[in-house]
Each structure stands twice: as structure tokens, then as C-alpha cells.
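A.B. asks: Sequence:
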Amino acid sequence: MPAEPMSPTSSRPSSPRADKPLHELLSHSLVDLYVGPDNTHWILHEKLLCTRSRFFQRIFYSKDSSNHQSYGLPDDEDEPFTAFVSWLYSQHIKPPAEEKDLTTLIDLYLMGEKWQAPALVRDALRTTREWYARTDTYPGLRRVQYVYANTDEDSEMRRLMVSSVARMMALNESIPPHWDKALRKNGQLAVDLIKSIQSWRIDPALVPDMRRAVEESADDYGADGKRKKEQEDNGDVNKLAEGFLKNGLGDDASKKADGAKDQGKKRVDSVAGSEPEKVKQELDENLPNGVGLPTESLD
7 MPAEPMSPTS SRPSSPRADK PLHELLSHSL VDLYVGPDNT HWILHEKLLC
57 TRSRFFQRIF YSKDSSNHQS YGLPDDEDEP FTAFVSWLYS QHIKPPAEEK
107 DLTTLIDLYL MGEKWQAPAL VRDALRTTRE WYARTDTYPG LRRVQYVYAN
157 TDEDSEMRRL MVSSVARMMA LNESIPPHWD KALRKNGQLA VDLIKSIQSW
207 RIDPALVPDM RRAVEESADD YGADGKRKKE QEDNGDVNKL AEGFLKNGLG
257 DDASKKADGA KDQGKKRVDS VAGSEPEKVK QELDENLPNG VGLPTESLD
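Counting with my numbering, you get residues 7 to 305 for the letters of the sequence shown.
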């Protein structure tokens with residue numbers, strides 16, 4: 007395979023374009039990477055690695071770099087780095103099978119941010135979002151805390167976590183105790199949740215406004231939750247109807263015929279003086295269930 011063309015200002019090849027096909031990025035130039043506390047040795051194609059990551063591009067394409075480079079990554083773990091190598095050569099991230107697999111996926115995202123690999127950031131973020139959507143679940147507290155501990159304020163993964171949790175909180179009837187405790191300790195998370203909800207641009211008409219609520223005393227309501235005023239109005243009509251039923255409209259009417267008429271006449275006269283028919287008409291219109299006064303004269 008022919009040697010790589012040399013840059014006039016550097017002893018290394020010029021930075022490769024990210025849109026090149028894979029076979030053009032598998033050059034003869036290789037780099038050695040030592041990963042984790044055990045210095046696990048990886049040999050990767052230099053051009054491919056530098057195409058995907060601006061961080062490694064600066065490491066291996068600097069003016070003082072030699073023909074065979076090595077670099078140590080002692081703070082990185084073997085499992086997520088293995089997933090990184092898989093993505094590097096395939097441009098694909100295996101979707102998580104279960105929730106615990108999100109650990110590696112989020113670490114992949116963090117590698118993408120740290121190593122300035124925008125395609126990795128995009129793919130890891132999309133895979134994470136798709137997993138939560140497919141399983142119809144929300145990020146747990148420990149996931150959110152881990153992301154907060156390892157990202158900056160402008161992190162897309164942090165934004166995804168906060169937005170998802172904000173939706174969960176808004177739809178739940180109460181805040182889970184462990185979230186309540188965490189929000190009291192982490193003021194930034196609480197502020198971010200409020201900002202996320204503000205970004206929804208909710209219709210003001212759908213948001214309760216306690217400034218315009220009418221305050222009413224508990225004494226205004228009965229045991230069944232209804233206003234006492236309505237109960238009293240209904241009670242007066244019912245009592246009035248019961249009185250007439252007992253004195254002339256019930257089953258005992260035949261037993262009280264003459265006495266009921268005399269008593270009824272006296273009662274009506276005492277209320278309306280010389281206008282008993284007016285009282286009869288008014289009561290007839292207000293008695294419930296169609297109950298009316300006798301059509302015969304009370305005289």
C-alpha cells in the first residue's frame with residue numbers, strides 16, 4: 007500500500023475527512039492505546055481514529071509526533087472502550103437489552119464528549135432516547151446523578167435526563183420520596199427541572215391560578231360536599247310538601263275529610279288573608295315531583 011502523503015507543515019499526514027469511506031480510513035498507520043488500570047493494549051487504525059475524534063487527531067497529528075504513536079487512557083474502563091472500538095469500525099451501537107446496559111451506553115456518550123467525537127455523541131444519545139421510549143420508562147435517580155456528575159450544563163444527555171424526569175414529575179400525583187430528598191440536596195437539578203417545564207410553553211388557561219380562586223369557608227358545605235344553601239332550599243320545599251300530604255293529600259285523606267278542609271282553610275287564611283287561591287297557585291308551582299294542591303275549593 008502506498009505511503010500517506012505528507013503535510014508540508016507537519017511530519018504527519020493531514021487531517022482526514024470524516025466523510026471518507028471506511029476502506030480509505032484503514033491505512034497502514036497504526037496507534038497503540040493502553041486502557042484502564044490494567045493497561046489493556048489496543049492497536050487501532052490511526053486515520054480512522056483521528057477521523058472520528060478531534061481529541062485523538064490533536065494527539066497523533068501534532069508536529070512532534072513520531073511514525074508509531076502510543077497513548078494511555080488509565081481513567082477509562084475496558085467495557086465501554088470495547089463498545090467504543092465496536093462503534094469506531096461499524097458506526098453502530100448495539101441497543102441495550104435491559105436497563106443495566108445503559109451504564110455502558112452512557113459511558114459511550116461521555117467518551118464522545120471527552121474525545122470530541124460528535125458522531126458518537128449523536129448515536130449514543132439517540133440510542134438512549136429510543137430505549138426509554140421503547141420501554142416507556144424514565145431515567146432513575148442514580149442515572150441522573152451519574153450524568154450530572156460527569157457532564158456540563160450544556161450537555162445533551164443531561165438535557166434528555168432532565169426533560170424526561172420533568173415529564174414524569176408533572177404526570178405523577180406525588181414526588182417519590184427518594185426524588186424529594188435528592189431535589190432538596192441538589193438545587194441545580196431542581197432549577198433545571200423548572201426550566202425544562204417552562205420550555206414547554208404551556209397554555210396559561212390550563213394552569214391553575216390560585217390568585218383568582220374564590221375562598222369559601224368549610225361551613226358553607228354539608229357532609230356530602232354540597233352547598234348548605236342548596237340543601238336548605240330543597241329542605242323547605244320538601245317539608246312544605248310533606249305537611250300538605252299529611253293533612254289532605256295522603257292515604258289518610260278519607261279519614262280526615264271535613265277536619266282537613268277546615269284546618270286547611272284556616273291555615274291558608276292566616277297566611278294570605280282573603281287570597282287563598284293565590285297561595286295555592288304559588289305552592290302548586292314550587293312543590294317537587296308534580297305534587298299539587300287539591301283542585302276542590304277549601305271553603
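Derived from the structure by calculation, the hints contain no laboratory data. Values in this document were obtained by computation on a predicted structure and should not be read as measured data. Just so you know, not all the hints are guaranteed correct.
Once the Cα atoms are required to be at most 30 Å apart in a straight line, the calculated DSS-like pairs of lysine-lysine come out as [what the hints assert, rightly or not]:
1. Lys106 to Lys120
2. Lys120 to Lys100
3. Lys201 to Lys191
4. Lys120 to Lys191
5. Lys201 to Lys106
6. Lys187 to Lys106
Now the in silico label distances, taken between C-beta atoms and shown as ranges [as the list claims (entries may be wrong)]:
7. Asp186 to Ser68: 44 to 54 Å
8. Pro182 to Gln122: 15 to 25 Å
9. Arg207 to Trp48: 41 to 51 Å
10. Ala176 to Trp48: 42 to 52 Å
Note that CB positions come from ideal geometry on N, CA and C, so glycine has one too.
A.B. asks: Verify the CB-CB distance for alanine 176 and tryptophan 48 against the hinted window 42 to 52 Å.
C.D. replies: Given a distance of about 45 Å, which is inside 42 to 52 Å, the answer is holds.
A.B. asks: Between the alpha carbons of lysine 120 and lysine 100, is the straight-line distance 30 Å or under?
C.D. replies: Within the cut-off at roughly 21 Å; holds.
A.B. asks: Tell me if the beta carbons of arginine 207 and tryptophan 48 are separated by a distance inside 41 to 51 Å.
C.D. replies: holds (47 Å)
A.B. asks: When you check the alpha-carbon spacing of lysine 187 and lysine 106, does it fall within 30 Å?
C.D. replies: holds (24 Å)
A.B. asks: Taken at face value, is the distance from the CA of lysine 191 to the CA of lysine 201 at most 30 Å?
C.D. replies: holds (18 Å)
A.B. asks: Quickly compare the C-alpha distance for lysine 120 and lysine 191 to 30 Å and report which way the hint goes.
C.D. replies: Satisfied, since the Cα-Cα distance of roughly 27 Å is no more than 30 Å.
A.B. asks: Given the hint that lysine 106 pairs with lysine 120, does the C-alpha gap stay at or below 30 Å?
C.D. replies: OK: lysine 106 and lysine 120 at ~22 Å, within 30 Å.
A.B. asks: 44 to 54 Å was suggested as the range; check whether the CB atoms of aspartate 186 and serine 68 agree with it.
C.D. replies: holds (50 Å)
A.B. asks: Taking the beta carbons of proline 182 and glutamine 122, is their distance inside 15 to 25 Å?
C.D. replies: violated (37 Å)
A.B. asks: Sort out whether lysine 106 lies within 30 Å of lysine 201, counting only the CA atoms.
C.D. replies: holds (29 Å)
Hint check: a violation occurs at hint 8 only; the rest are consistent with the structure.
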